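Peer 1: Construct the complete structure from the given sequences, taking the supplied hints into account.
Sequence lines, in order, name chains A and B. Note that the working numbering has the first sequence beginning at 4, numbered continuously upward. Note that the working numbering has the second sequence beginning at 271, numbered continuously upward.
Read the hints as simulated data drawn from the structure, not as lab findings. One or more hints might be untrue.
DEER-style ranges, computed between Cβ atoms [to be verified]: (1) 118(A) with 451(B): 34 to 40 Å; (2) 118(A) with 483(B): 47 to 53 Å; (3) 115(A) with 505(B): 49 to 55 Å; (4) 242(A) with 420(B): 28 to 34 Å; (5) 498(B) with 199(A): 36 to 42 Å; (6) 481(B) with 148(A): 48 to 54 Å; (7) 142(A) with 300(B): 44 to 50 Å.
Sample of chain A residues with no beta-carbon within 10 Å of chain B, all distances over it, derived [stated by the list, open to error]: (8) 80; (9) 95; (10) 127; (11) 128; (12) 202; (13) 232.
Derived contacts from chain B toward chain A, CB cut-off under 8 Å, selection only [said to hold, decoys possible]: (14) 382; (15) 399; (16) 403; (17) 404; (18) 416; (19) 443; (20) 451; (21) 453.
Nothing here was measured: the structure is a model prediction, and the numbers come from that model. A virtual CB, placed ideally from N, CA and C, is assigned to each residue, including glycine.
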Amino acid sequence: MAWFMGIDIGSAYSKGVILKGLELVAWHIIISGANYRASAETIRAKLLEKSGLTWSDICGVVATGCGADNVHFAGQKASDVICTARGINSVFPRVRTVIDVACQATKVIQLNEVGIVTNFAVSEKCAAGGGRFIEVIANVLRVNLRDFAALAAKSKSPVTLATSCAVFGESEVITRISEGAPAEDIAAGANKALATRISSLVARLEPAQPCAVCGGGALNTTLVKSIETELNIKLLLPPQPQIISALGAAVMAVAAGNSQSNRRV
Amino acid sequence: MPIRGKSLMYFAGVDIGSTMTKVVMIDEAGDLVSAIKGPTGPEYRRLANEVMQRALEQAGLDIDQVSYIVATGYGRLRVPFADKQITELSCHARGVSSLFPTVRTAIDIGGQDAKCMKIRDGKLVTFVMNDKCAAGTGRFLEVTAATLGIKLEDMGELSLKATKKIQISNLCTIFAQQEIVALLSRGERVEDILAGLHDALASRVAALARRLNIEPDVVLTGGVAKNIGIVQAMKENLGCEVMVPEEPLLTGALGAALLAREAYMKATASGEKLSTKPRRLERATFFG
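Peer 2: Take a look at the structure:
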């Protein structure tokens, strides 16, 4: 039997999956923290524990994400664009465009009919372009990130946030609060502002459909709805949107096959 | 010091910035009679009247004795006792020129914006500004000082003790904050991180300024100019000498006061009567 591992060390969360062939055996998500190497170790241990496997059962490991260099037991590293494309392709084989809303940045990736990446665009290295923007605003509103989408969904008239900087957005939100704007309208306004920026990134690529969304930002269902409204298209949402890159990394490990060089002890 | 009571007319400039409110008062001859800085206030930003009151006390004047008042800065539209509003760009240009008649390029780094102005014969010719991204403004220092657990006013001196300059790779203030935490946990010294932060801010502002053709003399103003580390880093990044007024926060208010005086004198000379607002020190109203 051959099992393969994909590890995605992101700036906010570390994700890992184990595949047997193309069947998902186990997955795990933790907060990355300050020590990526320790996060990679934890993910590996948790994945083995959940799957009931031992390290010697794993035939290959591919690492991705901004902390990929810290996955010392991986045989290969792969770019996050390729991994996200592979991951989404394994869930939705017909998808031609995927929007990955991660913490640090948003990526829009175009795929051809056979799932090969043909083009991509990444938001500026700026907190306003990715999920971090919502984290900052949620923090000002004292709302748990998990409850953010539900809060925003209650809004009848979202506030307009004029700034496109997360730091200035923070001050703007404080001003709105002092003016008496309800939290749900501010939350919805933040989603709308991010959705607008994401949509203009998507528009740079002339996206083909079907279109999917993944990354931690895809857990914010109100944000996803806002992007759908902005783009006027329906977005496919995978069941576990956060693990798509890790899944893609594992798919690449499977493709590389059973060779000694594919993992390190 | 000017002899108070000799002058018949006094003029005031009120500069309401995002962080600080500044008031400068001058007499008929254009000589300084008072200069006061106070916080704009964190949320309601309505303290212009209090700063004005302190400036009047320092000058030993009553508000009725002030002939003409010009408000500037981003809060200029909401000052109830100001007779005229003039943009901070014109006021800065005027204020800087009065202190440095040879100035050709003025760079002002405020609490939430940065402006670069080309000045010819004391007048504003052209400008570029950033108020879209916190990374090129004083806010960058405020946020990073808080992350480092040091006082904003201590940053400059501390950075001079750096033994190396740590490159900050993130442009975004929020990601830089994250990067600082990582650098600290790696055991890097605060002084060395500061040197890197100052260079990061200076290079952003210098890039903004380079959109215009930078000509000497270059004058740096705004609250950020009080940070000696930034002044050094600006010199390095611009590759030329940079002059800083003794009170870099006050140039906008000074310019406003000088423009108030000029407008009033011009009107008086042509027999025109300028309309003025009631001389009541009321709070600035920012909301409604």
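Peer 1: What are the numbers of the hints that this structure violates, sorted from low to high?
Peer 2: Hints 4, 6, 10, 11, 15, 18 and 21 contradicted; others consistent.
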